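Heads up: the protein sequence lines correspond to chains A and B, in order.
Sequential numbering of the first sequence, starting at 842, is according to our numbering.
Sequential numbering of the second sequence, starting at 9, is according to our numbering.
Read the hints as simulated data drawn from the structure, not as lab findings.
Everything numeric in this text was worked out from a predicted model, so none of it was measured.
Hints are supplied without guarantee of correctness; some may be wrong.
[What the hints assert, rightly or not] Just the calculated beta-carbon pair ranges, DEER-fashion:
(1) B:Gln314 x A:Lys1139: 50 to 58 Å
(2) B:Phe183 x A:Tyr1189: 31 to 39 Å
(3) A:Lys917 x B:Lys116: 36 to 44 Å
(4) B:Phe183 x A:Thr995: 45 to 53 Å
(5) B:Lys116 x A:Leu1009: 34 to 42 Å
(6) B:Thr118 x A:Thr942: 39 to 47 Å
(7) A:Lys917 x B:Arg87: 37 to 45 Å
(8) A:Cys876 x B:Asp247: 52 to 60 Å
(9) B:Val312 x A:Arg964: 32 to 40 Å
(10) A:Thr995 x B:Thr62: 52 to 60 Å
We treat Cβ as the ideally placed atom computed from N, Cα and C, and that holds for glycine.
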Amino acid sequence: MSVEDSRRYRTGDHATDAPSEGLFQDSDSPLAMLCGRPLLSNKGIPLNREWINQVRVNTSAVERRAQTHVVRRMVKKDWQAAWLLRAITCMDLTTLSGDDTDERVRRLCAKAIQPIQQDLVNRLGIAELKIRVAAVCVYHRFVETARTALQGSTIPVAAVSTGFPAGLSPLSERIAEIRRSVEDGAQEIDVVITRAHVFGGRWQELYDEISAFKQASGRAHMKVILGTGDLLTLRNVARASFVAMMAGADFIKTSTGKEPTNATLPVGFVMARAIREYAQETGMAVGFKAAGGIRTAKQSLEWLSLMKEELALSWMKAELFRLGASGLLGDIERQLEHHVTGRYSADYRHPIA
Amino acid sequence: MAATAKADTAAYLEPTWFKNAPALPAAKSISGENANSERQIANPALDPTEIDRTVKLYIGGKQARPDSGYSMEVRGRNREILGEVPLGNRKDIRNAVEAARKASGWAKTTAHNRAQILFYMAENLSQRRDEVAHRLSHAVGEAQASAEVNSGIERIFSYAAWADKFDGAVHNPPFRNIAIAMNEPIGTVGIICPQEVPLLGFLSLVLPVVAVGNTVIAVPSETYPLVTGDLYQLFDTSDLPGGVVNIVTGYSSQLLKVLAEHDDVDAIWCFADEASAFAAKSFSTGNLKQVFTNEGRAIDWFDVKQGEGRWFLHHATQVKNIWVPYGE
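Okay, chain B solo, but in the shape it has when bound:
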């Protein structure tokens, strides 16, 4: 009895296969010859991209399940199912706005620090260039996917550079006085991202807003909202403080209404069709938030002249004028 118990314990501690496992060859210097020449690596014919991965909402630097408990299908170019994303509703927007408001310390960090974080983000995306492009290609085709990732990296780099260079001005009024015009962040900005360019569109709108110190509640492209998964992994690994960028997937028309009506959202950017632009304007009259839309017109996000630069930075900031009188 005692013997069996002992044997059982031994088997429990040490599985049989382990007992029969062959001994490792004595350690060799790696520099001498190819150390891996004899090792057999198990290689099941498995495409790692085929394993399901559940994308979640990104709120306050954490991956969050939706309040509704529902999800929506994401389909590829050939109508095949690529995966599912959470169906966000007004409560998720409420939570995201709360998280964004709490992260307002981002505005007080130095522009230099924000630039560093953005540079790091671009570096991290460039490291994962291929896999992000591969996943994106299911939705937009290989050519556009790799173009989006490449332009996306460049866009992050350029806003990283802009972060500490989008200065204000010193004006010279016609009396003994100077006026310092300071560019300051608006606060919390709700962004409805363009449908047709899921990754580059997101980066082109969110990055200028974040670079100057705002916090963001973004609704990604309805075409390929799965991009959220890649984006939050990017933010998580790049030292971006939680709550600076929040992502809520779902039907953008519904989420737009909640965002535009929310009194704690200071500005709304809506880059979709004309009806959405109209909706953004009419719903946001409650607290007269600043509205920036494409008026339903197409923007070529791959074109540097159209898709990046001062136009966006201006809309992401408000100007504070400080009058400084001088005399004897």
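Chain A on its own, in the form it takes in the complex:
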């Protein structure tokens, strides 16, 4: 493929630059742009109860929006391939099973460094883009393994903490867990909220809990898992999103992947609107992570276009958007092969992720 082709597939500046330090800067340079306004990274604000109380969500309108979102024509041809590559760069390659082993984590890390098989990279002409996934997400136990396996690649290791997935162990233990993961070298921490605080409307408790997590995380990036499958109503989702952002979350994340329903588009819309409102009110940008049940390339495109429509281009990059997935990469590779050859591919033709 020619140079023009590879320029066409360019998926993001950070894909070519060394992402390490540039990705999560604490400096005062803007993290994102929204409607021409520069946004800083989130430092949190005091809990604003009035704001929380006036949150309303029109469920049927959200559902209708989500329904029409998926049936509209998606990006096609070269653009589709480019969006899929972008989806890879926003992916948190995840393994969170009871039967995880060091070997599996090492395999996952190898895949994270080279997410697309070499012959496809060559045929797409994208070698110079150095496509990598955004992070590798594992249990605390495997942080060390992952860090060693990823050495020299600048891909951060994310750890799930705070009694994942239930989040019901004592607070002191949950905080100690975060500290341990950070000490082991996790650069990103996924924390779980106590869902009961949301049901009881105990916003102060929820705020204090997340603030404590944030403090324990220190410089590590904190993603707050809301467990939206458990929260029952979209209004709860919106209110929990606001509390998490006020408490200083760098990302808000839909679900643990262990709930009966995971990342659904209506939930995504509600959380994206909350992020937008928070940005407009405070001038600070919070990222969004969709996790759980995202298995097909089509779904990854739907989430990307949701980000583009509801927020802005800044939320289509790994700094502010993540897809938590384990099986997604294989399907994206299949679609990329179809793009290159014109023939439908079989999943067993691609290395497992």
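Assemble the complex: chain A is given as a structure, and chain B must be docked to it using the hints.
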């Protein structure tokens, strides 16, 4: 005001004709005399076969609309329009292959269980023998239609019987060893069905493939693709798990190309003209899938010797050899 409102409510709850409807005669014992002797049954002069019915694609055990949103006309022997079928395209094939792959648990069911389901299928088709033959007769004439249905039922029965009898072998090599040759299903099989015998041709090709545990993406006869409607009702009522048989109607030459090039299709059966047989072979070189065609030759599907038996079952299976050494 209140009174009118009340009257309106009453009218809404209870239509006028219902109020004036005559009382039923007291219940009589049916065994005594003909219970229906006095009942008048409204019988509009309506041929039930004349009501339009939209046939859809059959993917993953569900009736699916085509991705294209287009349909194609189906014409009878006298060029009259019989109906329309969806115009399937490559995306429908993609979805069907995905559904077929997902149904691969079919290979793990016991052969006995598959036989039972096939027997049930034959019984269900025989119950609806006349109506299926009647619809088919518009396309192929009454004589062929009823012959197709009758032979079709027999064919299902014989593959139901074959399902748990198409055994492998134990070989005796010239050293202390035995080799067990097991017949195993190939996986997903794409089938282009013969044009001229819409129902029997379909059954003759799909049944042996399904009987030994494969899943199928079938493209029915272009002459009378409306047969799809009867077929999926048959499958739906016979406990066949969704996705084991998927049917995509459309232009078989186009669908053949997509099927033959698809890497997740393990074998392709093409029973049409010589050009199609050639196309099936050349398009499927990408993943070296097994190809089985009629080489463009005519097959008499009504003849049991030509249209059924080991020839088909062999092509529907692959042999796994297990070497078992023995000694002291």
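Hints versus structure:
| no. | hint | in the structure |
| --- | --- | --- |
| 1 | B:Gln314 x A:Lys1139: 50 to 58 Å | violated, 45 Å |
| 2 | B:Phe183 x A:Tyr1189: 31 to 39 Å | holds, 35 Å |
| 3 | A:Lys917 x B:Lys116: 36 to 44 Å | holds, 38 Å |
| 4 | B:Phe183 x A:Thr995: 45 to 53 Å | violated, 58 Å |
| 5 | B:Lys116 x A:Leu1009: 34 to 42 Å | holds, 39 Å |
| 6 | B:Thr118 x A:Thr942: 39 to 47 Å | violated, 34 Å |
| 7 | A:Lys917 x B:Arg87: 37 to 45 Å | holds, 39 Å |
| 8 | A:Cys876 x B:Asp247: 52 to 60 Å | holds, 58 Å |
| 9 | B:Val312 x A:Arg964: 32 to 40 Å | violated, 50 Å |
| 10 | A:Thr995 x B:Thr62: 52 to 60 Å | holds, 56 Å |
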